[in-house]
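Undergrad: Residue numbers (our numbering): 2 to 284.
Hints may contain errors.
Distance condition first, Cα-Cα at most 20 Å in a straight line; then the derived PhoX-like pairs of lysine-lysine [to be verified]: (1) K214 with K149; (2) K146 with K3; (3) K3 with K183.
It should be emphasised that the hints constitute simulated quantities derived from the structure, not laboratory data.
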Amino acid sequence: MKNTSQTNRLILAILAVVVGLFMTIVAPLLIQTSLERVISALLVVSAEKPAYASGILIFSFAYPFYRALIFIGGVMLLLFAKPIYEGREWAYPASLLAAAFPSAGGMFMFLPYVSFVDGFPIPMAISMVGLTFFWSIIFLRNVDKMQKWAHFVALTFAGMLTTHAFTIGTGNLRMLLTRPEKPLYAGFDWWVLAWSAPVQWICVILLFIAIYKLAAGARIGWWLALIAAASIFAIDVPTQFIRTFIAQSDSLDYLYGSLLSGGLMFALFFPKFKLVDLGKEPE
């Protein structure tokens, strides 16, 4: 970061303060408003389709959970503004992680609007604010152009996969809570959902850590991203097959997860990106 011009560091420091204040003051209120709209819509939907009733409980936990992550991320950015301006190298990956919380969380909280809620999708604004800082700090740094694009592609794919994996895990839990044979499982098409959900959530944790470590140029970040992407690909491909041909579902959610994980693996192995030096022995 010290090689980055003082002007760009000042811009990033100001952005860190502005986005940090948004995440700690404005975003929590927007999330509460969004949660109440989603629950109100689900109360109406679940009256006709009882299987959706479990979404009320799940979103009542998931939204406040992501609100806490976003709030903490905002505090991080406020504290990191000075180190960013001073050009501290560690501030780059740490700030990217902080900005990943609203970027991924806002996108997750936006998705129920597609199915249940009319009107402007408030969480999309949260995601765009987070992405504004996320992409700005990648491109305003004074580093090789190919490295900028490598980080943009790989870290954006990691963030998108984080959103999708958290969403899929949540959807799996929603269906499992209202399965017909509860507490038993009616067949393999239900077994696979109980298999998929924890895999998705564990990979979310791995991906958040990978964003930080990969941005820092650490080889462990590359491996964590690969492990998460490969695990999601390995569970999503058979799950899509089972849900399509056994459960007779027309959803393509697991196909999308396979494509996102494949995109991340492509970015990790794309030779021109050289995200980390895999041939170098760790210190």
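Undergrad: Evaluate each hint against the coordinates.
TA: Now the hints, each set against the structure:
{"no.": "1", "hint": "K214 with K149", "verdict": "16 Å, holds"}
{"no.": "2", "hint": "K146 with K3", "verdict": "17 Å, holds"}
{"no.": "3", "hint": "K3 with K183", "verdict": "58 Å, violated"}
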